[in-house]
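*Asks:* Following this note's numbering, the numbering of the sequence shown begins with 28 at its first residue and continues without gaps.
These are computed hints drawn from the structure, not numbers from a lab. Keep in mind that this is a model prediction, so the values were computed, not measured. Just to be clear, a hint being listed does not mean it is correct.
[Claimed, not checked] Restricting the straight-line Cα-Cα distance to at most 16 Å, the calculated cross-link-like pairs of lysine to aspartate or glutamate (EDC-like) are:
{"hint": "1", "residue 1": "K466", "residue 2": "D299"}
{"hint": "2", "residue 1": "K258", "residue 2": "D193"}
{"hint": "3", "residue 1": "K224", "residue 2": "D193"}
{"hint": "4", "residue 1": "K105", "residue 2": "E133"}
{"hint": "5", "residue 1": "K390", "residue 2": "E330"}
{"hint": "6", "residue 1": "K105", "residue 2": "E78"}
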Amino acid sequence: MSMARSETANNLHVAVLPSPGMGHIIPLFNLANRLATDHGCHVSYLNITAEASAAQTQLLTSPNLPPNLHIVHIPPAKQPTHLPQEEQSTLAFTRLCHIVDDNLRELKSILLHLGKPKALIIDIFCTQAFEVCKQLSIPVYTFYTASAALFAFSLYLPVMDREIIDCEFVDLPEPIRVPGCSPIRTEDLITQVTNRKIEEYKWFLFHSSRLPMAAGTLLNTWNEFEPITLKAIKENPFYHQIPAPPIYPIGPLIKETEPITISGAECLAWLDSQPPESVVFVALGSGGSLTELQLTEVAWGLELSGQRFIWVIRAPSDVDPTAAFFKAGDTDSDDPRTFLPAGFVERTKGVGHLVSSWAPQAKVLGHRSTGAFWSHCGWNSTLESMTYGVPMIAWPLYAEQRMNASALVEDIGVAVKPAVDPGMGEVVPREEIKRVVSKIIESEEGKAMRRKARELSQSAAKALNSSGNGSSYESLVRLVHKWKANQV
28 MSMARSETAN NLHVAVLPSP GMGHIIPLFN LANRLATDHG CHVSYLNITA
78 EASAAQTQLL TSPNLPPNLH IVHIPPAKQP THLPQEEQST LAFTRLCHIV
128 DDNLRELKSI LLHLGKPKAL IIDIFCTQAF EVCKQLSIPV YTFYTASAAL
178 FAFSLYLPVM DREIIDCEFV DLPEPIRVPG CSPIRTEDLI TQVTNRKIEE
228 YKWFLFHSSR LPMAAGTLLN TWNEFEPITL KAIKENPFYH QIPAPPIYPI
278 GPLIKETEPI TISGAECLAW LDSQPPESVV FVALGSGGSL TELQLTEVAW
328 GLELSGQRFI WVIRAPSDVD PTAAFFKAGD TDSDDPRTFL PAGFVERTKG
378 VGHLVSSWAP QAKVLGHRST GAFWSHCGWN STLESMTYGV PMIAWPLYAE
428 QRMNASALVE DIGVAVKPAV DPGMGEVVPR EEIKRVVSKI IESEEGKAMR
478 RKARELSQSA AKALNSSGNG SSYESLVRLV HKWKANQV
């Protein structure tokens with residue numbers, strides 16, 4: 028086990044613990060980096076190495092880490108839980124929860140070896156740390172890596188579980204009315220609560236019910252992006268009665284740097300030769316996959332639209348949309364020609380650029396030639412798109428992505444969502460894809476979404492401003508001062 032004690036006794040020592048999956052690892056790494064570089068903290072980043080993806084290993088072995096940010100590698104558990112054979116290829120969330128449960132057995136000894144940090148910041152699926160840290164008198168804070176809207180729903184979930192006993196939540200006749208927040212349509216509910224009989228739901232309820240145990244909750248959002256929800260959590264009596272922990276909106280925290288591979292450099296070079304705001308960037312997250320039929324329709328829709336595109340492509344999966352969750356950053360050895368329509372690569376040469384599995388997303392979104400982001404609407408990708416002022420084509424796949432997509436389209440007005448064809452088994456047909464892609468690049472409605480996204484980009488920069496009393500920057504400053512004063 029690789030460990031490092033604080034080199035400077037006067038430095039505030041904080042530990043950070045993410046659960047597996049790049050959607051969790053990246054935001055907690057960004058927070059750790061921010062605490063180390065901007066706030067002078069000594070940070071120990073606890074890395075669960077069991078089933079680590081290539082992208083995770085690459086990120087956490089970078090030679091360019093700040094000197095006061097140390098990666099503590101937790102070796103795989105000697106006796107891991109063995110899931111039933113039928114679950115091994117599905118339900119990534121259940122698998123994630125078992126990995127965390129198995130690999131936190133030595134957390135107490137790790138924290139003692141590190142010299143008992145002043146605070147531990149955990150991912151929302153690492154709540155087993157609460158009991159360990161209570162024994163050590165270490166305050167625990169959660170960093171909720173999804174939206175504030177999902178945080179509010181998670182606080183309300185135990186109430187729903189107690190009061191709604193005769194049906195599934197997805198069968199309710201009306202939208203879910205989380206106190207003080209926008210209603211959630213049942214079809215937009217997070218995947219993990221759509222079947223209350225399975226282990227996935229039980230894990231999500233377990234961790235959600237323990238959120239009030241935190242000394243505080245950090246949220247990767249900012250006041251102008253989710254004003255209604257943040258106001259509700261602070262002021263609505265429901266959250267006071269729980270009681271909900273104090274909240275610290277500190278976002279948007281996104282990747283500021285990332286290693287550029289050869290294929291990534293080729294992608295950026297191709298972008299350099301394209302007109303401003305002309306390229307649709309298609310990337311469905313670190314774990315998302317399309318079915319074979321849907322991938323075919325996407326290819327035809329892009330080709331028929333005639334619009335320029337970069338497509339981060341991986342082999343289709345007809346079994347599970349989360350098929351790539353534990354394989355992020357793996358080099359896809361399959362030739363895209365084997366699963367794309369015959370002749371597609373040749374016909375779109377010059378107009379489109381294919382990237383296998385992984386691309387420098389932040390760099391692409393920040394490029395002048397990028398005009399739209401076709402995204403699964405994971406929260407990290409959503410924040411990156413808004414930070415760079417890029418409107419979105421919403422293509423949710425799993426988890427809370429449908430909630431995010433609906434908010435982006437209906438409440439915020441920075442995205443368009445293609446319509447499925449029920450006659451094709453919930454597949455979005457090529458003509459609809461052609462329509463949406465052309466709309467977001469060429470139409471007046473697309474230009475309006477771009478203007479709104481730019482306004483949010485400006486408000487995000489203002490929230491993070493360290494010299495102009497940015498709300499998110501000051502929120503993190505207050506928390507660090509609290510730790511330093513031992514007022515926890």
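*Asks:* State for each hint whether it applies.
*Replies:* Status of each hint after checking the structure:
Proposed proximity of K466 and D299 is contradicted: the alpha carbons are some 23 Å apart, above 16 Å. With a C-alpha separation of about 32 Å, the suggested pairing of K258 with D193 is violated against the 16 Å cut-off. Distance check on the hinted pair: K224 and D193 sit about 12 Å apart at the alpha-carbon level, within 16 Å; holds. The suggested pairing of K105 with E133 holds, with an alpha-carbon distance near 11 Å, which does not exceed 16 Å.
This hinted pair does not check out: K390 and E330 have alpha carbons roughly 24 Å apart, beyond 16 Å. A hinted pair counts as satisfied when its Cα atoms are at most 16 Å apart, and K105 with E78 qualifies at roughly 13 Å.
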